[in-house]
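Student: Residues per chain are reported as follows:
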Amino acid sequence: MDQELILEQCLKGKKEAQQALYDQYAATMLGLCYRYTKSYEDAEDVLQDGFIKVFTHLHQYKKDGDLGAWIRRIMVNTAISYLNRHRRYKKEMTVDDISMHPVSDENPEVSLDTKELIETIRKLPAGYQAVFNMIAVDGYPQTEIAELMDMNINTVRSQYSRARSMLIRILKENNRTVIKDYEGTF
Amino acid sequence: MKGPFEENIEQQLKQFSLPPSPQIWQGIEKALHPHRKDMGLIWWWVPLLGLLLAGGGWWAWYHLYDQPALPKTSTVSSISRSNAVPRVTLPEHTTAGGDKSSNSEDRSILPPPEQKGSYQHNPLPAILKLSNTHHNTENKKSVHPDAVYTTKNATPDTMLFPDNEAGSQPDNNRTTNLKDTLKNKNALVVKDKQDQFGQSEYTSQTNKTTGNKTSHQDTLTAVKKISLKKTGISGIWLGTVGTGILQSYNSFPVVTAQQTKTGVSLEAGINYRLLFNSQWMLETGLLYHYLQNKQVTGYDSVNYKFMQETNHASMLYIPVESGYTINPHASSKVHILLGGSAAWIFSEQWATTVKKYATAPTTSFTGAGGPTVSAPAVQGSNNHLLAGIHAGIMYQLHDQFEISLESERTMTAFQKNAISRYYWQQWYLQISKPLNSFFRKSKPAKQQ
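As you go down the protein sequences, you meet chains A and B in turn. The opening position of the first sequence corresponds to residue 1 in the working numbering, with each subsequent residue numbered one higher. The opening position of the second sequence corresponds to residue 1 in the working numbering, with each subsequent residue numbered one higher.
So that you can see chain A by itself, here it is in the shape it has in the complex (with noise of 0.2 Å):
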């Protein structure tokens, strides 16, 4: 079905184009999940709230956008309220130990396959891999991730810097690094 005709299906409650949507985003959407929680039912259970949201709030899409994005969004904003929901992810959401995690700026050549490398970013804290996945991966401006995580601008830039760090001492750990001279640093 052609996209257009999707989503004017969809604004009437279609079932079977809702279906089509679903399909058509729904891997992209775990996989992204995925990155923001620790376990895969976590992962099923926003991607469930997110595709809730995106029916129900779908009359709000402009339809000059991407829409690929636009569900992104959603499921970034409903991972986010997941975390904040629940007490499992809400501790580690404020982790802020400077001594715990000194800031590194290197940027090593990462050597692992998407799998482990996705593994390696849920080992960090929850709070630090939300603002990793968004900032690194998902490119929100940090005054946006400010406002989604109710923190002040500079404990996002600053538990950025930290995920960062940790993830490569994780990496280097495992002698899963390539260090090279790059330039361009945070």
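Any given hint could be a false lead.
Said to hold, decoys possible - Mimicking SDA-like on lysine to any residue, the simulated pairs with C-alpha atoms at most 20 Å apart in a straight line are:
1. A:Lys15 to B:Asn383
2. A:Lys38 to B:Ile24
3. A:Lys38 to A:Asn154
4. A:Lys53 to B:Lys30
5. A:Lys53 to B:Gly55
6. B:Lys355 to A:Glu8
7. B:Lys294 to B:Gly340
8. A:Lys62 to B:Trp25
9. A:Lys14 to B:Asn383
10. A:Lys53 to B:Lys356
11. B:Lys433 to B:Arg273
12. A:Lys123 to B:Ser17
13. A:Lys53 to B:Ala31
14. B:Lys355 to A:Glu147
15. B:Lys14 to A:Ile118
16. A:Lys14 to B:Lys433
17. B:Lys356 to A:Met151
18. A:Lys14 to A:Lys63
19. A:Lys123 to B:Glu10
20. A:Lys123 to A:Asp42
If you are wondering where the hints come from, they were derived from the structure by calculation, not from laboratory data. Since the model is a prediction, treat every value here as computed from it, not as a measurement.
Since chain A is already given, all that's left is putting chain B on it; use the hints.
Tutor: Just chain B now, kept in the frame of chain A:
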């Protein structure tokens, strides 16, 4: 902020995907289409309302008016057919008598079956035969005026006095008297012709046989009354206007919290009431119902966004409700009402505005988040069916005015679009006036 490390990571992770389990879609589907259960309710209500209507109609048909006592065997169709004058052919000379032993009304006038070729019965449809069976009060036996006797064995005496033994001499006096009686009552006339056996034909002129409890004149009156009922002038038509206030208006399953809601409805139309007896009634009608409301949803805990929606809906509304009169003998009556309703929302205009609190709300509900920023409204229209139940109380003032207060709850979603489904409960006040009360005038006494 992004360096080569981030770009390296992004390249690897951006398109990472995992196959979701089928249960996820099932969960989404369940959340998005909860009204499938409601559809079941609709299909329960439709036949239920149909049954109520049919039952009420049937009851009214048979009990609304006092019908004259019709012969037990009569039906409307047989009554109408019985207007045709039945024919009795009496032979001049007969000797045979009826079957004494028979107790059957029709059979009592028949000669014994062993009398060869003595009798021929006019083969009328059973229902017509029954309708034309009249009781003779003199000897409590039946006479079948449609029976056509063509042999000498059948006589007026065997017809009218089947007690006579076969072959015995008829009681001439009795026969003559009865014939005279029938003639005097215009029940029988002697025609100026004879049949092939030389028998005179006697024809029942008016069907007024002696001793009949119900004459055909009465029957015709009954038919006329029933015909009038068919025209639908029975019952009471009421002009009705009303207004309602939304008591609760539940969102489903959008976003998070409950919401504030305000709304008013207006309605006007006519109701039709069937009175079964002094206490029970059934009422239905057709009303135009206008509903307007405004609601504000709970806020999104991440973005502090919330939705404000306004809705204007027009619907055609068919209530079906039964009423019980608490004080049937009082001049001003109090009724208890209980029923259901079906509505077709034929025009529904809604507008959704997404707003956002500038700062985090301090309470779990709207209104505490400081100033808001509004996005442009999203508008749409819709039409669909709706079913509901309602109950209430009605005060009837001297058959002139009625005031009712009822509570209504929609059983099916008042659905605007794919986003929101709502149910409403409202209290509404109706004022009705019998339409015939507008035309009641004292008529001058009819001159004799």
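Student: Do the alpha carbons of Lys123 of chain A and Glu10 of chain B lie within 20 Å of each other, as the hint requires?
Tutor: Since the Cα atoms of Lys123 of chain A and Glu10 of chain B sit roughly 18 Å apart, the hinted pair holds (cutoff 20 Å).
Student: When you check the alpha-carbon spacing of Lys53 of chain A and Ala31 of chain B, does it fall within 20 Å?
Tutor: holds, 10 Å
Student: Within a Cα-Cα threshold of 20 Å, do Lys294 of chain B and Gly340 of chain B meet the stated pairing?
Tutor: Distance ~25 Å between Lys294 of chain B and Gly340 of chain B Cα, so the pair is violated.
Student: Could you grab the alpha-carbon distance between Lys356 of chain B and Met151 of chain A and see if it respects the 20 Å cut-off?
Tutor: holds, 18 Å
Student: Keeping to a limit of 20 Å between CA atoms, is the pair of Lys62 of chain A and Trp25 of chain B held or broken?
Tutor: violated, 24 Å
Student: For Lys14 of chain A and Asn383 of chain B, compute the direct alpha-carbon distance and say whether it is at most 20 Å.
Tutor: holds, 15 Å
Student: Regarding the pair Lys355 of chain B and Glu147 of chain A, is the alpha-carbon distance no greater than 20 Å?
Tutor: holds, 16 Å
Student: Is the Cα-Cα distance between Lys53 of chain A and Lys30 of chain B 20 Å or less?
Tutor: holds, 13 Å
Student: Given the hinted pair Lys123 of chain A and Ser17 of chain B, is their alpha-carbon gap at most 20 Å?
Tutor: Status holds; Cα separation ~19 Å.
Student: With a cut-off of 20 Å on the C-alpha distance, tell me whether Lys38 of chain A and Asn154 of chain A pass.
Tutor: violated, 26 Å
Student: For a C-alpha distance cap of 20 Å, please report whether Lys433 of chain B and Arg273 of chain B respect it.
Tutor: At roughly 12 Å apart (the allowed maximum being 20 Å), Arg273 of chain B and Lys433 of chain B satisfy the hint.
Student: For the pair supplied as a hint, Lys53 of chain A and Gly55 of chain B, confirm whether the alpha-carbon distance does not exceed 20 Å.
Tutor: Measuring from Cα to Cα gives roughly 47 Å; hence the hint is violated.
Hint violations for this structure: numbers 3, 5, 6, 7, 8, 16, all remaining hints satisfied.
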